[in-house]
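Protein chains in written order, with our numbering: chain A, 1 to 998; chain B, 1001 to 1532.
Certain hints may be false.
Unchecked claim - Partial pick of chain A residues on the chain B-facing surface, computed with a CB cut under 7 Å:
no. : residue
1   : Gly397
2   : Pro553
3   : Arg591
4   : Pro637
5   : Ile638
6   : Gly644
7   : Asp645
8   : Glu697
9   : Thr699
10  : Ile704
11  : Gly771
Said to hold, decoys possible - Looking from chain B toward chain A, a few residues come up when the C-beta cut is under 7 Å (computed):
no. : residue
12  : Gly1087
13  : His1108
14  : Asp1127
15  : Leu1129
16  : Lys1161
What the hints assert, rightly or not - From the derived model, a few chain A residues whose C-beta atoms are all more than 12 Å from chain B:
no. : residue
17  : Phe61
18  : Ser128
19  : Glu534
20  : Asp550
21  : Val618
22  : Ala667
23  : Val707
24  : Thr739
25  : Thr750
26  : Phe854
27  : Asp906
28  : Gly936
29  : Asn997
Source of the hints: derived by calculation from the structure; they are not laboratory data.
Just so you know, these numbers come straight off a predicted model, no measurement behind them.
Quick reminder that beta carbons are idealized off the backbone N, C-alpha and C, glycines included.
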Amino acid sequence: MKLNVDYVTKLLLLLAVLGLSNFAYAQRTITGTVTDAESGEPLIGANILVVGTSTGTITDFDGNYSVNVSADATTLEFSYTGYASQRVEIGSQTTIDLALSAGEVLDEVVVIGYGTQKEKEITSSVTSVNAEDFNQGPITDPAQLLQGKVAGLQVYNRGGDPNGQNSVIRLRGISTVGANAEPLVVVDGIIGASLDNVDPNDIESMSVLKDGSAAAIYGSRGSSGVILITTRTGSKEAGKVQFTYNGQVGASTAFNSVPVMGREDFLATGGTDLGSNTDWIKEVTRTGVNNVHSLAAAGGAGNTSYRISGNYRNVDGILDNSGFEQFNARLNFSTKAFNDRVSLDFNSSFTNRKSDFGFREGLRYAVLYNPTAPVNGADAPFSFASEQYGGFFETLGLFDSFNPVAIVNQNRNDGKRNEITYGARLAYQVTDNFSITGRIAQQNTTVDNRQYYPTTSLFRGNATSPTRKGRADFYNENTSFKLYEGYGTYLNNFGNTDLTLTAGYSYQQNNFESNTLRLGDFPDNSQDFSNIIEASQDLQNAGFITANSDASPDEKIIAFFARANATFDNAIFVNASVRREGSTKLGADNRWGIFPAFGVGVNLNRYLAINNVDQLKVRLGYGVTGALPGQNGLSQPIRQIVNGDDGSVSTELIRAANPDLKWEEKAELNLGVEFGMGRFNATLDLYNRDISDFILERTVDAAIFQVDRRFENAGKLNTQGLELTLGYDVLNSGKVNWTTGVVLSTYKTTLEEYVIPKEVRANLGAPGQNGTNMILVAEGQEIGQIWGPVFEGVNAEGAPTFVDLNGDGMVVSQQDNALDDNADFDVLGNGIPDLEIGWTNQLTLGKWSVNAFFRGAFGHSLVNTFRAFYEPVISTQSSYNYVNTDLRVPGLTSAQFSSLYVEKADFFKLDNLTIARSFSFGGNSAIRGITVSLTGQNLFVITNYTGSDPEPSLIDYGAPDNGADIDFSNPDVLSPGIDRRYNYFASRTVTFGLKLNF
Amino acid sequence: MDKFLKYFMFSCLALLMAACTDLEEDLVGDITKEITVAGIDTGGDTGGGGELTAAYAELRNAGTANHSSYYSIQEITSDEMCIAAKGGDWFDGGILIQLHQHTYTPTHDFVNNAWTGTYNAIGTVNDKLGAGTLSSEETAQARALRAYFYYRLLDLYGRVKIVTETNTDPPQATRADVFNFVEDELLAALGIPEVSASMDLSGSLLADGGSAYVMNRYGALGLLAKLYLNAEVYVGTAMYDKAEIAASYIIDSGVYQLCGVGCTVKNLGKRPKVESDPVNLEGYAAVFAANNEGNPEHIFSVLYDEVSGTGMNFSQMNLHYSSQFTWNLNEQPWNGYATLEEFYNSYEAGDKRKANNFIVGPQLDFSGSAILDFASDDDDIQLNYTPAINELAPNSLREAGARPSKFSFKLLGRAEMDNDFPIVRLGEVYLIRGEARARQSGNWTDAEADVNVLRARAGVSEYNGNLTGDEFLAERGREMFQETSRRTDLIRFGKYNGTWWEKPASEPFRNVFPIPQEQINAGTGLTQNPGY
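Just chain A, with the same shape it has in the complex:
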């Protein structure tokens, strides 16, 4: 293409016109009030849209609105959740007051991939949650807004770590076994945008695409489900900028910890007396104070609207020296030009976060540390050279034992993260029936983490060493993502048939770079030498410094897609899509795959017209998506350098190539029924999901491949599930409203084929419980079975005895025999809940509102590892504290994993209770409205689980010991159900909130 001057001039002119377009057209302002038809109460936040444009506004606290419309606008559409939409001709009116009626069939628009669709036309399982239904309180991770609100969506952040290092988001169970695949996040149309870069206060609504037919348009990245986030946009009220301030102050405390012995009990049990009385858990925990402040300004004029927001969060964890401080800014801007034929949306966000990751090991060692040990070395019962340990006491010579107060106070584990995302979308309405859209987006994240262990820290600082003490770790990372998309949409209707065709192209590129550095041997404890690493003596001694750098190849996904949506008779809906997708991650001949999806829905009520039934829709969807492995280079051989001591260099193979690696495929069939009758509504989804050729690292014959590991397509997984959403307006009188809703989900995942018939995995770990694999993975069986001998009693030696399950007269309970035919092993529980439930209640009493959200999970078990290690009174372990629960077996003096440590972890909790009061002010007041609220999270939990937190543990990070680092990058998804010693204690938070509109 020739780029001539004429073109550039025109482009500049266009930009100028865009900027000035606000003033280019004659405008009118229409104002009015929207009320409830029955009660006459104003409706707050009702939507008003100028039909045929994206211009619109929402009502304020008094139900008032004001909207600018262009001269050619003819109709306004009023809508409100739970009410029937209405269209009103504008004519010559400047004031339009309207009463909306509740309880009629909704006609909501839902964001789907590359477009929107009327909710009634959707043939797949999509759940949309609006801001007013989100979980309240000081929520820092947007996914937690949806916790318990969407049937089939699991969001678990075990414990209350404010930095959420092990939160898990999962839709309909595991979708692959090779990696912990989480749902794709799409923010304002930007695929793969980071959830961390969205402040919860900026979110308008979230849609969750649950089944294969819905997600298929997004291809492989959508194979674990899709969460679509729409952020708030500006209003277009002329000349008026609306401000919203949202502030929260809260306090968190540990509401549950691991019960351990105090001094007296410990000594009575035979513990070693070190002369003091210390409550270690109390010593390392605190009341964490949270502060959240958000300020948003929204405004606009004519065809242009904008919203700018700034969010500040300062959250302290319940563990000493843990928490974060975050600043986030977001700008959304949209405008239209050329008779509204060209529209431009621009949005960008920026997040700067400083985290004190702290040391969750502080909690672990607080549980097992001797309760008679002093905090400070000066209080030791014998002479103790405490200067060497920074004044702290340490139990030297004991494996896996560190003074927890010394861990959390001496050391530093912090990080900085900067994230910037921007996206621009340009759409052109070529004809009334045809539009084209182009989108460009980029995201860049930098991470800079540091850890510093001074020379006096026994924990990772090697303080016992006479020569090499202190350690500094550095990690930095840079990830970038680029997205280019273009698609066209054709809309038309033929008689009673509506047709929408969409086709396009998508290019996605990820890049990743990282560096790590670890060195030590610092001069002394006089200062933090991580800022002066040239002082490290490791620089003079070979072999101590660890340095790594890594970079990904250009990791690309390229796709061509097409979709057709047809509506017949306004009651029969058909959607079909196909996507041809290619990836760099697969073998050369298998890079491209074709993934189809199809769905059909029928509004039966239109034909059956059953009495009193408002809605009866049945839909069936089927979709196939591809899935990709997390790592790059799996189809290629990977070697590593071997250095000789004469300067020679050679290499050896460390991973065998698999040039035949191909797409993992997920095929999902979803049947849904939507039912509405009066105040009651229900949605039922049934699905069957088959994953085949999943990609995972497996043992191959080392004799053939030189090494015993490579990645292969191996195995099949089947998930069948049921999701039910129920809603009921219990009370709907003028002053008092009470709506309640329940979401229920259950599923079962079966491993149909695997690389080997069966295996056990998830090692319990040191001290002394290595080689103890607790989870059974077997072909034809459910995922997540906890496997071990069944506890019977204690023998004379204090060792556990086990049940002779097969009655053959001998008890085969050694771990090495776990899979033998004659082994007395049994399924001791399952790590995945049978049933998950969320129960929402919204009660409105005039200006007061109460929001109570209960959540529960049933049928899952947890291995309480703290008990498995520290509950038996082991004579050789008299220097560790003992876990002390009602389940303790007297006389048991040796530790061996069995059913004794597997506990049912069913729970039901009051997850969130919010009481709010709103105040509104007269039209002349500068302040339009105030809402004050009080929120409590985790107010009560009903459970028999004796550990800190009964929430399911869906993934496992293994068993780091003796101060080793926890590797969060490589979770095992086949080993749910283990409550590891690295878990953060659960917390309870009470928050005061203030919302101000002005």
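Mind docking chain B on chain A? Use the hints.
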């Protein structure tokens, strides 16, 4: 307007075309091709070097001197070592007790680790051989080195696949086939058709002596001697004559000397304030010291280095946590491996090997003060290793058991040790010749001459017509302790299935390990050894 839109659409189209559909994966953070840089010959004793650097490094990677692989299954299945369960500590699901009590199963992790470690080593050698870049001398070394790894498989599992080229899948061979393969490869490297009194090694492509880190003629012959010594076990045919010839050839060559009086190295473990620590290590102790490189007794040995040649972790594996302060070790030890009391007591009081091979008694720290163990589980607060081990499980005392220290520790040592590990050394060659002679004649006193060479060095009285088979085995044990020889020796002497301490009698099929279940599951036609 129309013109602009045309341009716009056109440019969109151009953008799509430019983005194109190129999906070539160009890895930038990984190495995908072989890299070879020749070493610099400084005339010193260096590792294999050059093209074979990675191949020789596999001797370390294959579990020769660390936990959970070859070393572990050779040692703690025997009557010289165990890892006792100390309450919950070192119970590890019972797999360590299983090894000692011979109830190991096909799913035992260590059995699998030894298999994969050895095949990974073979794979690397095959890779180098297949690259076509080796000189004929290097090819001979590589084949002999590969034969050694197959010797391990022959000894451990018996029936394995003999793979000589990457990405080929031969059937599982019989134990006799593997034996023949090892023999043939070593003979080929030596350039002879068979081991005989009249053999002439001058045609061998292997070096005539030189660095012990490089497979030379004597290393290959030593391996053949070990192979023939065990031939009756492996293939049912006695080949003691050949074992004797091979051993004699090495001894008679005069290239190697037993490290005895005057053969000393500086004691790198001497604590500055502990008078009883010797300044130098002499004789037997020098053979295994941290600075044992170039020892005249080493014929073929594994180069370990705390920086560039890692894989020996005895200080971690054997010592109590608090023994860190004895040498001010860089990392806290794990308190795992200990010597059986009966084995420890089989040494006479004055045996120099006893002093070198074990750490017992009250322990002093770097500066000579008592090491206090506040977590002690006996009533003595000073760390004090007792030769007696109260029980194998479940509540073995944490200070129980003499700790193996043949490969002695150095001050400020790292978790990775520096001591070279001999695979063929002259001391063992004497034992092989003595035993081969005795077994041929049926008279154990015929072994006395060779055994007495070692007895003299150890400072204990020589045998004089009183050597028996059992005594020979005991003497071999004393000399070869901690050198991964004991399991093989017990099998050859028919004692492996017998009883000792807390080990009950075991079935004869235990004399080979099971083929690891994980390998059978890998789906390439391996069948299990009988009995498992």
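Status of each hint after checking the structure:
no., hint, verdict
1, Gly397, "holds (4 Å)"
2, Pro553, "holds (5 Å)"
3, Arg591, "holds (5 Å)"
4, Pro637, "holds (6 Å)"
5, Ile638, "holds (5 Å)"
6, Gly644, "holds (4 Å)"
7, Asp645, "holds (5 Å)"
8, Glu697, "violated (13 Å)"
9, Thr699, "holds (5 Å)"
10, Ile704, "holds (5 Å)"
11, Gly771, "holds (4 Å)"
12, Gly1087, "holds (3 Å)"
13, His1108, "holds (5 Å)"
14, Asp1127, "holds (6 Å)"
15, Leu1129, "violated (12 Å)"
16, Lys1161, "holds (5 Å)"
17, Phe61, "holds (43 Å)"
18, Ser128, "holds (31 Å)"
19, Glu534, "holds (21 Å)"
20, Asp550, "violated (4 Å)"
21, Val618, "holds (39 Å)"
22, Ala667, "holds (24 Å)"
23, Val707, "violated (6 Å)"
24, Thr739, "holds (46 Å)"
25, Thr750, "holds (20 Å)"
26, Phe854, "holds (39 Å)"
27, Asp906, "holds (28 Å)"
28, Gly936, "holds (40 Å)"
29, Asn997, "holds (40 Å)"
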